[in-house]
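Student: Residues per chain, in single letters:
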Amino acid sequence: GQNIDQPTEMTATEGAIVQINCTYQTSGFNGLFWYQQHAGEAPTFLSYNVLDGLEEKGRFSSFLSRSKGYSYLLLKELQMKDSASYLCAVKNSGGYQKVTFGTGTKLQVIP
Amino acid sequence: GAVVSQHPSRVICKSGTSVKIECRSLDFQATTMFWYRQFPKQSLMLMATSNEGSKATYEQGVEKDKFLINHASLTLSTLTVTSAHPEDSSFYICSARVPDQYNEQFFGPGTRLTVL
Numbered sequence: 001g002q003n004i005d006q007p008t009e010m011t012a013t014e015g016a017i018v019q020i021n022c023t024y025q026t027s028g029f030n031g032l033f034w035y036q037q038h039a040g041e042a043p044t045f046l047s048y049n050v051l052d053g054l055e056e057k058g059r060f061s062s063f064l065s066r067s068k069g070y071s072y073l074l075l076k077e078l079q080m081k082d083s084a085s086y087l088c089a090v091k092n093s094g095g096y097q098k099v100t101f102g103t104g105t106k107l108q109v110i111p
Numbered sequence: 112g113a114v115v116s117q118h119p120s121r122v123i124c125k126s127g128t129s130v131k132i133e134c135r136s137l138d139f140q141a142t143t144m145f146w147y148r149q150f151p152k153q154s155l156m157l158m159a160t161s162n163e164g165s166k167a168t169y170e171q172g173v174e175k176d177k178f179l180i181n182h183a184s185l186t187l188s189t190l191t192v193t194s195a196h197p198e199d200s201s202f203y204i205c206s207a208r209v210p211d212q213y214n215e216q217f218f219g220p221g222t223r224l225t226v227l
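Residue numbers (the numbering used here), protein chains in the order written: chain A, 1 to 111; chain B, 112 to 227.
The reader is advised that the hints may include incorrect statements.
What the hints assert, rightly or not - Subject to a maximum C-alpha distance of 27 Å in a straight line, what follows is the list of computed DSSO-like cross-link-like pairs (lysine-lysine):
#: 1; chain 1: B; residue 1: Lys166; chain 2: A; residue 2: Lys98
#: 2; chain 1: B; residue 1: Lys175; chain 2: A; residue 2: Lys98
#: 3; chain 1: A; residue 1: Lys98; chain 2: B; residue 2: Lys152
Simulated from the structure, these hints should not be mistaken for laboratory data.
Please read these numbers as outputs of a predicted model, since none were measured by experiment.
In isolation and in its complexed conformation, chain B is listed as follows (with noise of 0.2 Å):
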């Protein structure tokens, strides 16, 4: 199947700093990616909708201004979360669709960030 990669697996920050997480397609190319947040416990929640080439979509209550979404292209999103607090505390994870396969979304293996 499709490889999707993420960096860091694991970062740790101080409150106030911001925090860049990279989500790759390693073998396809994906116009379409998502990041989602799992906070323990609870289910994935989609956090937005990255798309290459335009601005991203976000769900309601996320803030596009504290999560900046770039994916400047067909391999690459980030995730940039911005002056960081404890309760962005959280694992985030991206995954991209391959074009014209819309059966199957591959995941990346998530990104766990803990904010000081």
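Excised from the complex, chain A in its bound form (with noise of 0.2 Å):
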């Protein structure tokens, strides 16, 4: 089975720096997604991490430990518009290759 972690909720400054954490379990391991999720809406793609280390994309990186079984979520220059639950998602090495999503963590951007 998996067992994916994250905060709850964050609450962070606009222009801030914020890192979102995702801590997994799983009995195997095929690479970790982040997806940025608004009230009401589909989840969209933020990142994909499969090899250890820091994947940086604009304002976004994502970083990766197999070893430990540990994800963040970096969020730089916050936008009012990044107010938003951010999905940690676990993809199996198993049959289908299906992808699991921890619980999300909602992030709340104030002025």
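Using the supplied hints, reconstruct the complex from the two chains, each of which is provided in its own coordinate frame.
Tutor: As structure tokens, then:
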């Protein structure tokens, strides 16, 4: 089975940097996704990590440590529109490589 | 990126009726699609993996006789909620993975089901 943990809520200030952590336990790991989801909408893809290290994409970066079962999403220069839920999801190495989501972190950006 | 559509976007039905939700990959062929359910303020829960030409694989606790999945073609998967009850009211989202591009999974816009 899989177990994915994220903080439930976070608050950060506009213009600041925020780090959202995700820890996971899985029997077969084959990659980790981060998605952004605004209320009432479908998730949108942010990043994918399969090897250890930091992946940078504009204001967003994602880090993975497979040995520690740990990832984080780093958001820089926060904007009000970044207020959303951020979902950590782990891809399984078996069969259809299904993706299982964590509970999500609701981020509120304040002025 | 690849586009996945869902229809309808919103449906309201009476308790006891059945509702069909369609998921289409518009510009690619998807041998595998996934159906998720999301209750308010909760994350996405994988319900089943839909495979073209074969039976769907259901997650533990999901009733396959209640949530019928048919993946009849490489671009279409359908989820039918049979004998719907108010507790089935939820946001249903499908996703599809582009073949040979396992780095990304594309999501449909979701279907909001309300059972009265």
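Student: Taking the hints in turn, state whether each one holds.
Tutor: The hints, checked one at a time:
1. Straight-line distance between C-alpha atoms of Lys166(B) and Lys98(A) comes to about 16 Å, which keeps the hinted pair within the 27 Å bound.
2. Under the criterion of a C-alpha separation no larger than 27 Å, the hint pairing Lys175(B) with Lys98(A) is consistent with the structure, at around 18 Å.
3. Distance check on the hinted pair: Lys98(A) and Lys152(B) sit about 22 Å apart at the alpha-carbon level, within 27 Å; holds.
Violated hints: none; the structure is consistent with every hint.
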